[in-house]
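Numbers -19 to -1, 1 to 298, taken from mature numbering (1 follows the signal peptide of the UniProt record, and there is no 0), label the letters of the sequence shown in order.
Just so you know, the hints here were simulated from the structure itself, not pulled from any lab data. Remember, predicted model here, so these are calculated numbers, not experimental data. It cannot be assumed that every hint is accurate.
[Stated by the list, open to error] Under the rule of at most 30 Å between Cα atoms (straight-line distance), these lysine-lysine pairs were calculated in the DSBU-like manner:
hint: 1; residue 1: K84; residue 2: K48
hint: 2; residue 1: K17; residue 2: K262
hint: 3; residue 1: K218; residue 2: K61
hint: 4; residue 1: K48; residue 2: K17
hint: 5; residue 1: K91; residue 2: K17
hint: 6; residue 1: K218; residue 2: K276
hint: 7; residue 1: K89; residue 2: K262
hint: 8; residue 1: K262; residue 2: K91
hint: 9; residue 1: K91; residue 2: K218
hint: 10; residue 1: K276; residue 2: K48
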Amino acid sequence: MIKKITFSALMLFASLSFAQLGPVGHLTIFSEDGDKFTLILNGEVINDVPQTNLRVEDLNQPYYNAKIKFEDKSLMDISKNNLMLTDVDGIFADVTYKIKRDKNNKTKMKLNYFSSIPVRPDFIPPSNVHVIHYGQPRPVQVVAPVQQPVRGVTQTTTTTTTQTGGTAVGVGVNVGGVNMGISINDNMGGGAVTQTTTTTTTVGGGHVVETVEPVRGCNGRSCMTAGNFNAALATIKKQSFEDTQLKTAKQVIAANCLNVDQIIQIANTFSFEDNKLEFAKFAYDYCIEPRNYFKLNGIFSFSSNVDELSDYVQSRQ
């Protein structure tokens, strides 16, 4: 009798564990201009307190109808049907969207796709992101007294550098965690990328603050060889939708270093200037000749985009 009860309990625990490990996606939405907002998914209010950078984890539906209301009532609501949390093959991903103001109407807001990475169970969100686990009760907001920092603050910095070799770099790598079927061996060293993560711990006022900041860049490495770049460009162009093209281009950039002319060629594959601008900003940290980045001004038809890219480049220097 005891054996039967034990076996039944084990089976129940296993079934519950399996249910909890079902496929899920994560959604991050941030406001480019710091406008606080409330997110509503399928009619359900996600955050009671308006946020500027919100992450919703463990979403189990591939698409959601989303509505965004702003704390500033002068700003227009955003409604977006079929907000996608999967890649083109239906694999759940960790997707980020950004809110920005319309250039011609500052009260009109837009929600644009920003980036996507495969779902990682060990992912730790940055400290400035408000995280909500979907399906769990939202905690009561408690305002604690502000602790003033004390003199004699100590700060420790730990830097971890990971370097990927110049061989067997994936040009297509994957889209949303799915292999695109193109892998390129780069024995010239053009595919090598160094990524540095800096963790800073500050002690003061009786509390500890930890931040993790990825630092991107090429650190003097050479750009992609002509053959590898042409294969990457062909992979980007054959994507059916411009959002997927932008997504693929970012993944190519994140694994390789490019010169200005290569970045211009990729940027010119996009029809929409917003996508050109977003890609140009993203690619700056992976350019081997940042001093010549002014050449990208020629890809834009609107002077406002030239100004925005120039301001961004200056802020990165």
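Against the structure, the hints:
1. K84 x K48: Roughly 21 Å separates the two Cα atoms, so the pair holds.
2. K17 x K262: Answer holds: K17 to K262 is near 24 Å, not above 30 Å.
3. K218 x K61: holds (26 Å)
4. K48 x K17: holds (14 Å)
5. K91 x K17: Holds. K91 to K17 sits at ~14 Å (cutoff 30 Å).
6. K218 x K276: holds (22 Å)
7. K89 x K262: holds (23 Å)
8. K262 x K91: At roughly 18 Å apart (the allowed maximum being 30 Å), K91 and K262 satisfy the hint.
9. K91 x K218: holds (25 Å)
10. K276 x K48: violated (39 Å)
Going through the hint list in order, the structure does not satisfy hint 10, though it satisfies all others.
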